[in-house]
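Going down the list, the sequences are from chains A and B.
All the letters of the first sequence, read from the start, carry residue numbers 1 to 292 under our numbering.
All the letters of the second sequence, read from the start, carry residue numbers 1 to 292 under our numbering.
You may find that some hints are simply not true.
Since the list can't tell identical chains apart, any single copy or any two copies may satisfy a pair.
As the list claims (entries may be wrong) - Distance condition first, Cα-Cα at most 30 angstroms in a straight line; then the derived DSSO-like pairs of lysine-lysine:
hint: 1; residue 1: Lys102; residue 2: Lys292
hint: 2; residue 1: Lys164; residue 2: Lys33
hint: 3; residue 1: Lys241; residue 2: Lys165
hint: 4; residue 1: Lys165; residue 2: Lys33
hint: 5; residue 1: Lys241; residue 2: Lys44
hint: 6; residue 1: Lys33; residue 2: Lys292
hint: 7; residue 1: Lys164; residue 2: Lys102
hint: 8; residue 1: Lys241; residue 2: Lys8
It should be emphasised that the hints constitute simulated quantities derived from the structure, not laboratory data.
2 protein chains.
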Amino acid sequence: MDLQSYLKERAQWVEAALCRSTDDESIPETLRKSMRYSLEAGGKRLRPILCFAGAEGVGGSADRVMPAAVALEMIHTFSLIHDDLPAMDDDSLRRGKPTNHKVFGEAVAILAGDGLLAEAFYVLAEARGIDARLQVQVIADIAAATGGRGMTGGQVLDMEATGKKQGEAALTRMHLYKTGALIRASVTAGARLCGATQHQLSLLSRYGEAIGLAFQIADDILDVTGDQEELGKDIGSDEGKGKSTYPAIIGIDASRRQAAALVDQAIAAVVSFGAAGEPLRAIARYVVERKK
Amino acid sequence: MDLQSYLKERAQWVEAALCRSTDDESIPETLRKSMRYSLEAGGKRLRPILCFAGAEGVGGSADRVMPAAVALEMIHTFSLIHDDLPAMDDDSLRRGKPTNHKVFGEAVAILAGDGLLAEAFYVLAEARGIDARLQVQVIADIAAATGGRGMTGGQVLDMEATGKKQGEAALTRMHLYKTGALIRASVTAGARLCGATQHQLSLLSRYGEAIGLAFQIADDILDVTGDQEELGKDIGSDEGKGKSTYPAIIGIDASRRQAAALVDQAIAAVVSFGAAGEPLRAIARYVVERKK
Numbered sequence: 001m002d003l004q005s006y007l008k009e010r011a012q013w014v015e016a017a018l019c020r021s022t023d024d025e026s027i028p029e030t031l032r033k034s035m036r037y038s039l040e041a042g043g044k045r046l047r048p049i050l051c052f053a054g055a056e057g058v059g060g061s062a063d064r065v066m067p068a069a070v071a072l073e074m075i076h077t078f079s080l081i082h083d084d085l086p087a088m089d090d091d092s093l094r095r096g097k098p099t100n101h102k103v104f105g106e107a108v109a110i111l112a113g114d115g116l117l118a119e120a121f122y123v124l125a126e127a128r129g130i131d132a133r134l135q136v137q138v139i140a141d142i143a144a145a146t147g148g149r150g151m152t153g154g155q156v157l158d159m160e161a162t163g164k165k166q167g168e169a170a171l172t173r174m175h176l177y178k179t180g181a182l183i184r185a186s187v188t189a190g191a192r193l194c195g196a197t198q199h200q201l202s203l204l205s206r207y208g209e210a211i212g213l214a215f216q217i218a219d220d221i222l223d224v225t226g227d228q229e230e231l232g233k234d235i236g237s238d239e240g241k242g243k244s245t246y247p248a249i250i251g252i253d254a255s256r257r258q259a260a261a262l263v264d265q266a267i268a269a270v271v272s273f274g275a276a277g278e279p280l281r282a283i284a285r286y287v288v289e290r291k292k
Numbered sequence: 001m002d003l004q005s006y007l008k009e010r011a012q013w014v015e016a017a018l019c020r021s022t023d024d025e026s027i028p029e030t031l032r033k034s035m036r037y038s039l040e041a042g043g044k045r046l047r048p049i050l051c052f053a054g055a056e057g058v059g060g061s062a063d064r065v066m067p068a069a070v071a072l073e074m075i076h077t078f079s080l081i082h083d084d085l086p087a088m089d090d091d092s093l094r095r096g097k098p099t100n101h102k103v104f105g106e107a108v109a110i111l112a113g114d115g116l117l118a119e120a121f122y123v124l125a126e127a128r129g130i131d132a133r134l135q136v137q138v139i140a141d142i143a144a145a146t147g148g149r150g151m152t153g154g155q156v157l158d159m160e161a162t163g164k165k166q167g168e169a170a171l172t173r174m175h176l177y178k179t180g181a182l183i184r185a186s187v188t189a190g191a192r193l194c195g196a197t198q199h200q201l202s203l204l205s206r207y208g209e210a211i212g213l214a215f216q217i218a219d220d221i222l223d224v225t226g227d228q229e230e231l232g233k234d235i236g237s238d239e240g241k242g243k244s245t246y247p248a249i250i251g252i253d254a255s256r257r258q259a260a261a262l263v264d265q266a267i268a269a270v271v272s273f274g275a276a277g278e279p280l281r282a283i284a285r286y287v288v289e290r291k292k
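Start from the sequences and build out the full structure, keeping to the hints where you can.
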């Protein structure tokens with residue numbers, strides 16, 4: 001399969017839907033502009049794509065899960081806006097563009113994040129033509145992956161670990177919260193909405209957890225070895241911020257081996273999906289082979 | 001009916017449920033403490049009580065809507081934590097206690113708000129034994145009332161109006177977004193989950209909108225005439241912050257008349273509910289007669 005076209009096409013689908021979802025004049029203009037600024041700032045759209053691939057893996061279609069794909073990208077974008085705030089990572093650039101608070105000020109940036117988080121649940125709940133029982137399960141999964149039991153909890157663990165030496169187990173726990181939970185929920189949301197069985201969901205859960213961690217290890221490696229221009233951010237920025245990374249704890253070679261092993265695990269988890277699982281397997285390989 | 005016992009009893013119900021909902025060790029400790037600190041800081045618990053009263057108004061029970069009541073108070077608490085932040089209203093006291101960021105720092109306070117918002121949707125979606133179709137409608141209503149089309153949008157309108165002279169229409173619009181939307185959603189959520197008809201929902205919507213605005217006008221009046229000690233905050237703080245208020249725009253007497261007229265409208269809207277609507281009517285009177 002041609003993964004690049006697959007990724008590009010789906011990124012375009014979700015970008016068009018994101019644009020439609022936030023084009024509502026009942027949202028006050030400043031807030032709407034600020035929300036859209038960050039939604040339109042680009043990115044790989046990995047979570048929506050995983051949601052589509054999860055749906056396709058169990059014989060469903062991307063169409064059916066578009067609201068979930070939109071919601072997942074809104075939640076990811078909310079987290080980036082809040083992570084970049086002066087009180088958090090204090091970043092002034094994201095993907096080569098000024099961060100939200102640099103453009104709209106801190107107060108509006110906080111509210112744009114809040115607005116995107118609430119909007120995500122609006123989009124999820126407002127979708128029609130889906131079995132409502134599946135819908136509430138997906139909302140519960142995504143909410144758990146977003147809040148204190150997931151991403152938001154992981155951000156607190158990350159902050160508390162910054163500047164301290166932490167072991168591999170603590171680093172892995174932090175990443176499972178901070179990025180793993182939402183990545184796993186992305187894959188399973190798509191599949192669940194398309195009627196996946198419990199067995200399929202448990203395989204996809206294993207897949208999602210493995211690629212979530214592999215993604216993070218690859219990120220850490222790129223932060224040391226990547227091309228600054230291609231990456232769109234400074235090399236070595238993790239170390240500069242006092243953040244623990246896999247290469248710093250176990251070395252570059254062991255990090256590479258571990259990422260590769262996780263990709264193998266992810267691929268093995270979805271081998272029974274046959275041809276329908278090919279996008280999931282190609283994405284797993286892409287997660288560690290990407291240059292940015 | 002004895003309104004004071006009614007309010008006190010229901011506040012205790014929701015406080016016990018809030019405590020249970022956040023007592024989960026999978027939420028990292030610092031975050032959990034910070035979320036619970038603000039949830040336990042007291043308050044009237046008006047939104048959960050309205051949710052119960054809405055349920056009872058259509059012959060339902062408080063038990064059935066407890067998850068919605070909990071979620072509404074979590075969302076209200078999230079908004080208070082973020083409103084108090086240095087980048088927003090920069091308040092150091094709330095109900096006589098240090099604000100969340102004064103105790104836990106700005107970063108954790110932002111994340112505690114985020115965590116409570118996500119947790120609210122988790123609690124709403126995770127509830128079982130409810131018709132899932134009603135559940136997704138309630139989630140959509142509450143999410144719309146929370147995000148850019150509601151409370152979060154209202155906070156942006158409030159900030160943009162601060163320090164500027166605004167007319168009564170603009171002030172009313174701001175309050176309908178900032179507090180009215182969630183108060184209305186609180187009343188209708190309870191009723192909807194207990195099988196309210198469309199006609200009942202539209203009456204309760206009218207009730208909620210009227211008391212939401214009456215509540216805000218009463219707040220503005222208390223800010224000028226209230227007892228500092230009873231209120232737990234400085235008198236005249238709105239004016240000091242450059243905020244428009246009803247008394248400043250239309251005068252104290254006209255503000256009192258308008259609040260009373262809104263209460264009459266609210267009571268009239270639910271007159272057909274008979275005895276089951278008595279708590280709703282008593283709450284409408286209380287909203288403008290309260291001293292804090």
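Okay, the hints, checked on the actual structure:
For the homomeric pair lysine 102 and lysine 292, the shortest alpha-carbon distance inside one copy (24 angstroms) is at most 30 angstroms, but the shortest distance between copies (39 angstroms) is not. In this assembly of identical chains, lysine 164 and lysine 33 lie within 30 angstroms of each other by CA distance solely across copies; the values are 22 angstroms between and 38 angstroms within a copy. Taking the shortest alpha-carbon separations for lysine 241 and lysine 165, only the intra-copy value of 13 angstroms comes in at or below 30 angstroms, while the best inter-copy value is 44 angstroms. With identical chains, the CA atoms of lysine 165 and lysine 33 are at most 30 angstroms apart between copies only, with a shortest distance of 24 angstroms across copies and 40 angstroms within one.
Proximity of lysine 241 to lysine 44 under the C-alpha cut-off of 30 angstroms is restricted to the intra-copy arrangement: shortest distance 24 angstroms within a copy versus 43 angstroms between copies. Only within a single protomer do lysine 33 and lysine 292 lie at most 30 angstroms apart by alpha-carbon distance; the minimum there is 27 angstroms, versus 37 angstroms between protomers. In this assembly of identical chains, the alpha carbons of lysine 164 and lysine 102 lie at most 30 angstroms apart whether taken from the same copy (29 angstroms) or from different copies (24 angstroms). For a Cα distance limit of 30 angstroms, the shortest separation of lysine 241 from lysine 8 qualifies neither inside one copy, at 32 angstroms, nor across copies, at 49 angstroms.
Against the hints set out earlier in the document, a violation occurs for number 8 only.
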